[in-house]
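Turn these sequences into a full structure, and let the hints steer you where they fit.
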Amino acid sequence: MTTPDAASANTASDSINRPGPFFIKDCALVALATGRRARMLQEFRNEITQIDESSIYHHYWGGLLQARFEEREYNNDFAGWVRHGIHDAILAERLAALDPTDFLDLESLRHEIIELIDMRLDEYEGLLWMRATQQFEFIRSQIIVFDTAWCLQQPSELASAIEQFSTSSIFYHFIDARRRTLHRCDDFSDWLAGFGADFNTLREHIAGIDPYFGSLTELRAQLAHLFKTHFLKRDS
Amino acid sequence: MSFLDDYAQITGHDVIEHLRQLAAPFSGAKVVHVNSTRVGGGVAEILTKMIPLMQELGIDARWEVITGESQFFECTKGMHNTLQGNQIHLSDQLLAVYERTNAENAESLRELLTEADFVFIHDPQPAALLQHFPNRKGKWIWRCHIDASHPYRPVWKYLRKFISPYDASIFSLAAFAHELPNPIYLIPPSIDPLSDKNIELKHGAVQQVYEKYKLDPERPLVLQVSRFDRFKDPVGVIEAYKLAKKYLPSIQLVLAGGEATDDPEGSAVLSEVKEAAKGASDIHILLLPSDAHLEINALQRAADIVLQKSVREGFGLTVTEAMWKGKPVIGGDVGGIRLQVIDHHTGFLANTPEGVALRIRYLLYQTEKIHEMGEKARVFVRDNFLITRHLREYLALMVSLLYESQDRIELSGSSLNQEFRHF
Chain A
1 MTTPDAASAN TASDSINRPG PFFIKDCALV ALATGRRARM LQEFRNEITQ
51 IDESSIYHHY WGGLLQARFE EREYNNDFAG WVRHGIHDAI LAERLAALDP
101 TDFLDLESLR HEIIELIDMR LDEYEGLLWM RATQQFEFIR SQIIVFDTAW
151 CLQQPSELAS AIEQFSTSSI FYHFIDARRR TLHRCDDFSD WLAGFGADFN
201 TLREHIAGID PYFGSLTELR AQLAHLFKTH FLKRDS
Chain B
1 MSFLDDYAQI TGHDVIEHLR QLAAPFSGAK VVHVNSTRVG GGVAEILTKM
51 IPLMQELGID ARWEVITGES QFFECTKGMH NTLQGNQIHL SDQLLAVYER
101 TNAENAESLR ELLTEADFVF IHDPQPAALL QHFPNRKGKW IWRCHIDASH
151 PYRPVWKYLR KFISPYDASI FSLAAFAHEL PNPIYLIPPS IDPLSDKNIE
201 LKHGAVQQVY EKYKLDPERP LVLQVSRFDR FKDPVGVIEA YKLAKKYLPS
251 IQLVLAGGEA TDDPEGSAVL SEVKEAAKGA SDIHILLLPS DAHLEINALQ
301 RAADIVLQKS VREGFGLTVT EAMWKGKPVI GGDVGGIRLQ VIDHHTGFLA
351 NTPEGVALRI RYLLYQTEKI HEMGEKARVF VRDNFLITRH LREYLALMVS
401 LLYESQDRIE LSGSSLNQEF RHF
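For the protein sequence lines, the chains are A and B, in the order given. Under the working numbering, the first residue of the first sequence is numbered 1, with each subsequent residue one higher. Under the working numbering, the first residue of the second sequence is numbered 1, with each subsequent residue one higher.
If you're looking for bench data, these hints aren't it; they were derived computationally from the structure. Hints should not be assumed to be uniformly reliable.
Quick look at which bits of chain B chain A covers, simulated, 3 or more residues with Cβ under 8 angstroms [what the hints assert, rightly or not]: (1) 16–27; (2) 183–197.
Computed footprint of chain B on chain A; a stretch qualifies when at least three of its residues, placed anywhere within it, have a C-beta under 8 angstroms from a C-beta of chain B [as the list claims (entries may be wrong)]: (3) 28–35; (4) 49–62; (5) 154–167.
Cβ coordinates follow ideal geometry from the N, Cα and C atoms, glycine included.
The following block contains the structure:
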């Protein structure tokens, strides 16, 4: 790893066709109450029509950086509440199957969530009267992104550097990136794509890591294993 | 070695480096925390470590304690209880003492608080300070450590007028928060792994509590640490113990709580507990002084299973403490216990004495689960409920307040510095 100043100096002398350095960023998340709550599925549905996009972000993605347990049963808070608050396994499974990266933006995701709830309410009217055993608290979050003092010049540096990434930096580059990058992928894959077909296999392997179920520490370990194995093979 | 390095040994260096980066733009910033006591209670415990940690990160952090007469504390104790739902009338005379005391403290703290970049006011006691600082320079944040989800309305209405003008408020959980016109941040409390309550002990210390309280180290030990309060359901714990004891004759129960000398309800509950324990063997009811931190620490380490069978709970830091010591916790399915006890993973959530008994039997039958769940519990606390996470969220909040309603705050170190200089 080098510092950004050194990286800028090196970049100036590099070929213009090569991707620039990978600037390592970090982030912190701060959660805010929205004051919106739901105890019934219909009420929950109506709140989802009105909540801020940052609340959808929090309950699908942001929560991954908050206090959470490594072995999550569902990959988003909405599915978890429908299962354990409303006790409807069918809708919980359908909501869990939604992957935010499949949607153009959070607004499209919101519409799909509402669609799934409406469909389920049509299927089973009893859910209209079911009172949840725990109310759902809608939370929103603010993400604060800042520079670290480090960057990578070459893909091979990933092998040794990744273990030094903080877990929140892993969140930023591996999870949050899916909301920011053109191809809805992580930052590592996005950066490696700039080096041409050389790293296609590695990118496929990265895509094979499910970001939703492991802790961030585990994700870091998985990435470290992947990068080390890949670059060791390449060197030999 | 620095104070932060001590924490790095526990949390990992990446966590401390993250704090350094987040704190860098606040180098030299004046941050003042204000509460009403320097010793005793969770707030003082947190600030005892939070202040030096902030200072070591380069922040000019200070901790001020307001002073008052006995009537002031009588009033604020009443406020504390009413915010938790007790219906207690606070007389106009007591409320006048409250306002006068805040006004007097405002005078003695005027220069410091006017110039501060960030002021954290903890709990209701100093909440009325803000109105005396019309020319304040920085951001003022009200930190509520209490479960105020169902407050006694007249008192909440009275306090709300003092709290509403703050730039932000902080609650421990969304469920505890009350609607306010300012942004409400959610920051759970934390434990300090280096405090007497939680620090690693030598084997001899655990051995000593076995001897002192005549506990058998060879037999399973179940423990609940909490004051003798109906919300903690100590009688329910004894019922659960008796149910489990039928199947596990060797188990022992320790109920460790504070001495209830000045709390009439505490004394009544203690009598009920003693009555419930009559005739049952191996129940140890311990009345410990409020500073028996090392002894509580040793008891938690000695236990095989820790209970927190609350029927109402704030965050439940005794749960966090037990989990940090690698113990599975069987807890009531309420409040902050739900956030910590992940059912079937870090312990079990239970609703009845029968449910608690069932889980005690399960764990003492599948003893390997005690270690497996205990280890998961320890890691879960390390990643989420230590003071370093608490500090990180305070720093994040400070940044967030500078950018107000933006959902995504993209900073370079320099841009934040500029932002901060604009104060």
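Tested hints:
Look at the stretch 16–27 of chain B against chain A: 4 of its residues bring a Cβ nearer than 8 angstroms to a Cβ of that chain, three or more, so the hint holds. Restraint check on the stretch 183–197 of chain B versus chain A: 6 residues with Cβ-Cβ distances below 8 angstroms, three needed, restraint holds. Only residues whose beta carbon comes within less than 8 angstroms of a beta carbon in chain B count, and the stretch 28–35 of chain A has 7; three or more means the coverage holds. Coverage of the stretch 49–62 of chain A by chain B holds in this model, with 4 residues showing a Cβ closer than 8 angstroms to a Cβ of that chain against a need of three.
Check result for the stretch 154–167 of chain A against chain B: holds, 4 residues qualifying (beta carbon to beta carbon below 8 angstroms, three or more required).
Of the numbered hints listed earlier, not one is contradicted by the structure.
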